[in-house]
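Q: Chains as they are written, first to last, in the working numbering: chain D, 1 to 255; chain S, 1 to 631; chain E, 1 to 323.
Since the hints were derived computationally from the structure, they do not count as laboratory data. All values reported here derive from a predicted model rather than from experimental measurement. Note that CB positions come from ideal geometry on N, CA and C, so glycine has one too. Don't take every hint at face value.
[Said to hold, decoys possible] Pairwise CB distance ranges, derived in the manner of DEER restraints:
no. : chain 1 : residue 1 : chain 2 : residue 2 : range
1   : E       : 320       : D       : 171       : 15 to 25 angstroms
2   : D       : 80        : S       : 352       : 26 to 36 angstroms
3   : S       : 147       : E       : 219       : 23 to 33 angstroms
4   : E       : 11        : D       : 154       : 32 to 42 angstroms
[To be verified] Keeping only pairs whose Cα atoms sit at most 20 angstroms apart, straight-line, the calculated EDC-like set for lysine to aspartate or glutamate is:
no. : chain 1 : residue 1 : chain 2 : residue 2
5   : S       : 604       : E       : 215
6   : D       : 247       : E       : 316
7   : D       : 196       : S       : 293
8   : D       : 198       : S       : 237
9   : S       : 429       : S       : 510
10  : S       : 576       : E       : 47
11  : S       : 48        : S       : 361
12  : D       : 238       : E       : 224
13  : D       : 24        : E       : 306
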Amino acid sequence: MKMMVAIKQVPQRDVQVRIDATGKWIEESDLQWALNESDAYALEEALQLKEKHGGEVVVISAGPERVGSTIREALAKGADRAIHVDCDPGNLDVLGVARLLAAAIKSESPDLTLTGLQSDDLGYGQTGVILAELMGLAHATLILHVDKTDQGLMLKRELEEGWFQTIELPLPAVLTIQSGGNKLRYATLMGIKKAKTKEVRRVTAQDLGAPSTPAVTLERIAAPQKQKSTQMLGGSAKEAAAALAEKLKFEARVL
Amino acid sequence: MTILLPVLAEPQHFTVAEQVLFAVLAVASGWLFWRRFGPILKKILASKRDPGFRLFPLGKRVWDFVWEVLCQAKVIRQRPLPGLAHAFVFWGFCAFALVTLNHCAVGLGIGFLHPDGAVGRFYFYLAAAFALACAVGIAGLFVRRFLVRPRWLGAKLSWESGFIALLIFLLMVTYLGAFFVSHADPAARVLWWVHTLCLLVFLPIIPHTKHLHLVLSPGTVFLSRGGFSKIPPLAGDEDFGLVAGTDLTQLASLQAYSCVECGRCTEHCPAANTGKVLNPKEVVLGLRSYLNELGPGSAETLLGKYNSQEAVFQCTTCGSCEFQCPVGIEHLPILIGLRRGAVNTGAWEDDHGAKLFLALERGSNALGMSATERDKFVQKLELPIFDGTQEYCLWLGCMGGYDPKGREIIADFVRVMRYLGTSFGVLRKEKCTGDPVRRLGNDLAFQQLAEANLETMAQNKVKKIVSICPHCVRTIQEDWKEYGTPPEIEHHSEFLARHLSQLPSIENNETIVFHDPCYLGRYRDVYDEPRAVVRASGTLVEAARHGERSFCCGAGGGLAFLGEETGERVSLVRAKELVETGATTVGTACPFCNSMFRDALASKGEGAPQLLDLAQLMARALPDSTNAMNN
Amino acid sequence: MSGVWVVLEERNGKIGRISWEAVAAGQKLGAQLGLSVGAILPGADTEALANEAATKAIAKVVRLEHALVGAYTADAFSLALEQFVRQEQPDYLVFPHTYQVRDYAPALAARLGQVLIGDVTAIGDGPVFTRQLMQGRLNGEYKHAGGGTCFVSVQSGAFRADQIESGSAIVETFTPTIEASQIRTKPGEPFRGSAQTVDLGSAQLIVSVGRGIKEADNLPMVQELAAALGAEIAASRPICDNGWLPIERQVGSSGQTVAPKLYLAVGISGAIQHLVGMKGSQCVVAINKDPEAPIFEVADYGIVGDLFEVVPALTEAVKAAKQ
């Protein structure tokens, strides 16, 4: 089975982020980058499918030169080769990025395209679904488990509130993968050494077609007013409990 | 009046037939020896060369040889009575060198030490004294092995050991017996032949038994890697550690064949003592079996038939094994090498291990916490940021930066430094030193951490570091050398000891039992400084196993980050030992030891001793201490 | 263009609270821009539900009625709504941000050359839509550029469903054209995770108990709280070591790692070995009698008090709030 995994390089979750001088994006100069978490699960799912059914895993990532390190990490974990769509995502909306990816993926004609559910930075959760639409393929989201059948795929999908669902769909298809479905493998020294000889093909945005004007623009970013500090609820046990229930319902929204 | 002292009988006039027989037997024995030893020597030499091995300078090597081999220092010190017995057997062998040569020469009619001459008489008497000591020694060791049966020698009785003990005993007895017969006595000839047969039977037995150490171990001790737990660098792109036979180096093979099976390594191993599968002796013997069956050219994995992955990942890297070994076997590079082979190739599948590796792939610390947590802590304590102008860089480490207890230790150490007026700062960003991944054998993760940290250090012009964690100290000082030049670093116990005179001390009734951390004691040879600090804070008491013999807390080797242990918990065993001293306080010098004992001591309930780090012991005496200076 | 349209979502035969919140958002938008607000209800046999929707202060309720829209599939919903949008040309199409909407709305938007502004937490003048970035560390303000319908989905709880006024709306039906062959996915019946194995890793709500509970006999009190919340029970290591709860319920470095929406720590001090197992939780609540307990450092809400008083009181308060 030929599989493509669309991965994104995002700022490391660990560190504080600062807003840059334009007020439109974060300061990137001293950021550390990492592979988006749900994309790591998508990659893991693809690698496990390859181990079970054979085939090829090709990773594709859109972004500037720095995404090369994340591509290499994916190759180190077992992907066979990679495509780097060299572009500046700052000028594109999610549809624009998806169009570039779709054009590159279409030329590969994979049986299955996987991507993570959503990115750790922008968090739209739409790229995979849009890819399916642009390529005219069936899709499913929030997938925890993939099984290959004679007719296509049998999937386990997460629903709200602890429910799950199976879905069958035909190949070729596009899936967005939820975190936590598999155990991730760690990058090994052997993997990194092997990755040095694997192909990374670079294509530019121009090669893939003229850019479209964004339908949606990010005007500015700001820190949220309420800082994450501990709210201590005082009073008698009854008063504190009542206050807590109110917070859980309306602030945390978990009731 | 001349006193007639006995003279060693030298059989006269061997017939030509006898001489020929002797020559033939001697040649046969020698040939048989070589037939068995040759392949072993070949296997050792056919193994890979050790990367980074340097023969010079010879000074330390010669010293170790004299001290450990000739003086039998480790043999005696670590197990006094059996050690002394063995020492006499060894010295007996040495003393007998000329005796044996002469004995063989006599058999060919060309004896050169005349038993009646002054030189001969003197030498033979000297040898006799050793022979007596040797005979007593070997008899004692025989009794120990077959009647006392200490469990470290293994459950199965070794008949081969018994036979060899008998041969050695006979050799000594036939020698001593020759003093009580005259040259012409037929008994002298009989004694001579029995002695000879013992020798000739002994020789070919050596290569296939643990007595190979007679031939190899002086070389093993001389050729050791040097250092303690010295992990060799990986050599080139195809080297991932000890994966298969082709990865075994000459030193590793030599050491595998040198094992005496004495079990001293196992006797002090925290894993072996708490019901785990790991047995350091069996790991070394497993390599030997591998080499015997498959040889150094084999591509079959080392972790397979003779050694298990499970065992190898139960090691806390405490170092008791390597520290004790009388024949110079370096267990830790072997164990860590085997781990490297499994981890660097992805063969090790462990949920907690993967979690640790992923946390360090994507983040800055081994606990998987957000770096902003450390930032908040630094702000809360108002710690100055290191900018190259201060004298010390205070390294927080993962425990000091993120663990509530580790943070308390840092807070108290900071109070001490502020009291002393020491100029210090903390780095804005720290990454884990990489100790857990280094000991678990993940060279990719370690390289990334070491290089990133070294760059941060260089950028911030760090010259001197002080740390509360012996693991950080070791990793920064030694392991980072593989990727650059680390700054100087010392442990806070060394810092505190140096400043004791400037710090107020306490008068109280507390008895404090100090637990030597593995990475401070055996690894760094620091035993006195922490004790000086403890004495300034109360009365020092020692646990049964202390100093070099200190029993691990169980956290090392990356094990603090792995899942639940099998068997008894190492930390509980050690905690019990500390509590049994009756001390009111347990003193620690490592945040991992502190963390391991916290739960173990808490389970003892109300009567449990309090648990305090050295920094906390000192800080309580400071003027602004919120703890009153009463008991 | 025909104003603001809100897409209602049917779940288990009811219109869920989150759909009413979307209506509230739609009403805000409509008021801000002087546009009419309508609701769309995709489904089969939705007459009763449509009438319920018609009791809100909106102009119209349109039943997007077709047998093939009775059960959710991305293809059916996208096709049906696409046809409605092409005919009615809404200015704004507002969705509740549910798993279902995330599955089809982006495709629908892309089909129409638009981008969904998803998981919106506030609507400001402009209109400007605010959504969270960097896992809630930053907010981003978005504008719809260009013409055509603007697609928006709103986050659960961002708008108040109880603030919708009553009114009376006309109910209409729109029948899309859908062939069975156009539906490519075959969904199965929803099921729960297996009851035997404890899967704390995927639990959304967890009540965790520590040494403060003192005795096994005190556990039922905490279990009642968990039941009231619909949460799983977990524990710190000493509780499992004592055998009061099975080892699968241990959260911590040598147990499970969890990342629920709510982690309620009862009588847990917050040692690092425990923290590393639950620090991924979105909302942490701590109840402990020690104000210095490290757990408060990672808590969003904290109560310093006697858990034997607080827990029963909280159980009652939660039950009341859920009604």
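Q: Mind listing which of the numbered hints don't hold for this structure, in increasing order?
A: As far as the earlier hints go, 1, 3, 4, 7, 9, 10, 11, 13 are violated by this structure, in ascending order.
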